[in-house]
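We have chain A already, so just place chain B with the ligand on it with the hints.
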Amino acid sequence: MDESTLKIVVLVKHVPDAQFDRHLSGPDSRTDRSESILSELDEYALEAALQLSEARGGEAAGNRVIALTMGPAGAANAVKKSLQIGAGEGVHLSDEALAGSDAAATSLALAAAIRHLGEVDLVLTGMASTDGETSLVPAQLAERLGLPQVTFASTLEVKDGTVTARRDGDSHSELIEAPLPALVSVTDQVNEPRYPNFKGIMAAKKKTITTLSLADIGVDAGSVGSAGSWTTVLAAQPRPPREQGVIITDEGDAGIKLADFLAARKLI
Amino acid sequence: MAKILVYIDNPTAELKRSSRELVSLAGALGEAVVASPGPFADSTAAELGARSVSTVYLPDSDALGGYLVGPKAAFLAEAAKASGAAAVLLENSFDGKEIAARLGIKLTAGVITDVVGIDEALTATKSVLAGSYTVQAKVTTPVAVFTVKANSVEISEPAGGSAPGSVTVPVPEATAGAARITGRTEKPASGRPDLGEARVVVAGGRGVDGDFGPVEELADALGGAVGASRAATDAGWIEHSAQIGQTGKTVSPQLYISAGISGAIQQKAGMQTAKVIVAVNKDAESPVFEIADFGVVGDLFQVLPQAAAEIRKRKGQA
Ligand SMILES: Cc1cc2nc3c(=O)[nH]c(=O)nc-3n(C[C@H](O)[C@H](O)[C@H](O)COP(=O)(O)OP(=O)(O)OC[C@H]3O[C@@H](n4cnc5c(N)ncnc54)[C@H](O)[C@@H]3O)c2cc1C
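These protein sequence lines map, in sequence, to chains A and B.
In this text, residue positions in the first sequence follow the numbering used here: the first is 1, and each later residue adds one.
In this text, residue positions in the second sequence follow the numbering used here: the first is 269, and each later residue adds one.
These are calculated hints, taken from the structure and not from any lab test.
You may find that some hints are simply not true.
Stated by the list, open to error - Straight-line Cα separation of at most 35 Å, DSBU-like style, residue types lysine-lysine; simulated pairs:
#1 A:K7 to B:K517
#2 A:K159 to B:K517
#3 A:K266 to B:K517
#4 A:K159 to B:K455
One chain only, chain A, in its complex shape (with noise of 0.2 Å):
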């Protein structure tokens, strides 16, 4: 078993399931989330959460894993499933005045959650959110809390106190070394993320999520939500949808029509 315990924070995020239509509503093009799941990309952070604890004796030895979600009242439901999964604590940072937030103001908002909660050794996040896609959160937020960040991690090991992690490039793969704590993102390649059984669901039952508002944390309202964004989305169309191509059947010659297709867009 390895030496010392970790307390480590998983950012989770509720997000619109992208198996169904995304849509953006409303006079500000907000994100509609009516059917919204836990970001399968965060399963891998937490599940590395998970793996990290368990290597080291899990709760009862002392290690915390503490999912953290900031969103309406349905993210609950991102830390319901991540307690299911299984999480031990849940943290749900909710607040009118967060709505709009943009990623500076977002990781505003949960620097202040995570230093509420005291030291922590490892926060933990996927690679990026589903539906912002932006991936500018964990970096912002590793300023905001003055963490060395190891990002696109693909391996992740963590030993007397330093992190150590892969990053797979175009043209190389890097080795990084950074001290804890630390803001880690992961990669799909990191796990594979186990699903909630019968006993983990049970269990979470028991668990509790606490809620958080701003005034909890010492968060102005004014320095998140639009009023607080660095940025302002003007307008929003939706992409004309693809006009339907030209679809033929192979009937041995299909590769010299590929060819003439090409040429008459000029692309040969």
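Positioned in the frame of chain A, the structure of chain B with the ligand alone reads:
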């Protein structure tokens, strides 16, 4: 004229296409200046001058290359302050977005990622929700930070000009406590264009059944890059870095040829902003045909080699 600062991360190499695009865009919006973690080769500096870059900002330390984003963002923040730039442009890679993210906090500057266009008023255009919406967005802080997708900007002709002057800025923050790069394994070079900025991408999926030969042959006939679905990368048939999609790369080439890929939503997230999409799949019901400009219901092992041979013939390379 407002200064527009372009960050170029790899000063030792020849300018990448995406760097040329960023410098062109900066020149169209104002006075182009450049920041880089190390000095440029003479030929590259000359090219920057010819592209009307007036000044290059360099750090007073040569250690930045050994660290992940944190110290680079600290340097870039100093360069942005020293130049008084109204906007900072970075490439839309993972590193580019993260440097932009930290830079934004340091400068109290709004960040917009995945940008495909910026107008004189610094209004950015980008697509969101996997390409299903196009939005116009603006930064509301005095300085704006943008990461710009490759293949979004026409590269302007170099106008001629002398090599830029250089200004050294201090890197204030100690690199202590930052994430360090302790090892690096180079991957074998494919000789093909970089997937993120290629004009043509030919991608293979589970349908190639372990054999990327036909996909590579067609990519080479077209001078394109090779991509893949996650099913193909997970099977180990090709490098993970070739994966296109939600958890891989997002590409917007002039031409995307999808072969033996069903067109799952996570795959589409990475390629549906391509200008022209061609699909080859033996199942006529495959969802990929819904977004294809030209589709062939057929066997990729027949269609791809025949197309490659025909293209080589037309290019006079047969
Ligand atoms: C969190 C998460 C993230 C993901 N991220 C990504 C991502 O980034 N990118 C991605 O691609 N996927 C991603 N996926 C996986 C995605 O859901 C699909 O499973 C995957 O894209 C399927 O790959 P495929 O189309 O190659 O395989 P399949 O869906 O199995 O399709 C294979 C296709 O090949 C065709 N075919 C077979 N033989 C031939 C032949 N000889 N000639 C022509 N056609 C043939 C078949 O008709 C079929 O349509 C992700 C999934 C999850 C859960």
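So, going through the hints one by one against the coordinates:
no.	hint	in the structure
1	A:K7 to B:K517	32 Å, holds
2	A:K159 to B:K517	31 Å, holds
3	A:K266 to B:K517	26 Å, holds
4	A:K159 to B:K455	27 Å, holds
Consistency with the previously given hints is maintained throughout, with no hint failing.
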